[in-house]
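Start from the sequences, fold in the hints, and give me the full structure.
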Amino acid sequence: MANKEENKLIGMIDFVLENPQFKFGEYNEYTEKRLGKIVRYADFLKRKLELGMFVATDKEGNMLKKVKLPPIAYEETSIAIRTKYEQYQEAKDKVLFEDIDAVGWKINHWEAFFKHHKNIEGLIPFEYTLTEAALKIIKNG
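Okay, so the sequence shown: first residue is 258 according to my numbering, each after it adds one.
Heads up, a few of these hints could be off.
Each pair of labels, with its calculated beta carbon distance range [as the list claims (entries may be wrong)]:
#1 Glu389 to Ala337: 23 to 33 Å
#2 Asp271 to Ala330: 45 to 55 Å
#3 Lys322 to Asn365: 12 to 22 Å
#4 Leu326 to Glu378: 32 to 42 Å
Just so you know, the hints here were simulated from the structure itself, not pulled from any lab data. Quantities reported herein were computed from a predicted structural model and do not represent experimental measurements. In this text, a Cβ means the ideal position worked out from N, Cα and C, and glycines have one as well.
In C-alpha cells, the structure reads:
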C-alpha cells in the first residue's frame with residue numbers, strides 16, 4: 258500500500274522533477290531524448306527568480322545602467338567606456354526574458370515582485386518572450 262505522501266496531489270512540474278522514471282540515465286537514450294526537454298523545462302520553471310533574469314546585472318546582482326558607445330570609432334573610445342560596454346553586453350546576454358521595461362523600477366519594486374512570484378513558473382501568465390540564453394538553458398540544462 259502506498260504511503261500518504263505518494264497519494265498527495267502535486268503540480269506537474271514537481272511530479273516530473275521528483276519522479277525517478279524521469280531521472281537521466283535510468284532509461285534508454287531514445288526515451289532520454291524525448292523526455293529530456295520536458296525535465297529540463299520543468300527544472301527551468303522551478304528556478305528561483307533573480308534580478309539578472311530580467312535586466313543586466315553585475316556579479317553582485319546590482320542592476321547595470323545601459324551603456325552606449327559614443328558615435329566614434331570603437332578603437333577611439335576610452336578603455337573604461339569599452340570595458341563598461343562589454344560588461345553590460347555580457348550581462349545583457351544572460352537575461353532570460355526579452356523586452357522587460359525596468360525604467361524607473363527601484364530595488365524595492367523588484368523585491369515585492371519576487372516575493373509575489375517566487376519562480377519562473379509564476380511568470381507564465383505574463384507571456385514573456387524567452388531570450389536565446391533561456392532557450393539554451395532549456396535545451397542543454
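Taking the hints in turn, this is what the structure says about them:
no.	hint	in the structure
1	Glu389 to Ala337: 23 to 33 Å	28 Å, holds
2	Asp271 to Ala330: 45 to 55 Å	54 Å, holds
3	Lys322 to Asn365: 12 to 22 Å	18 Å, holds
4	Leu326 to Glu378: 32 to 42 Å	38 Å, holds
In the structure shown, no violation is registered for any of the earlier numbered hints.
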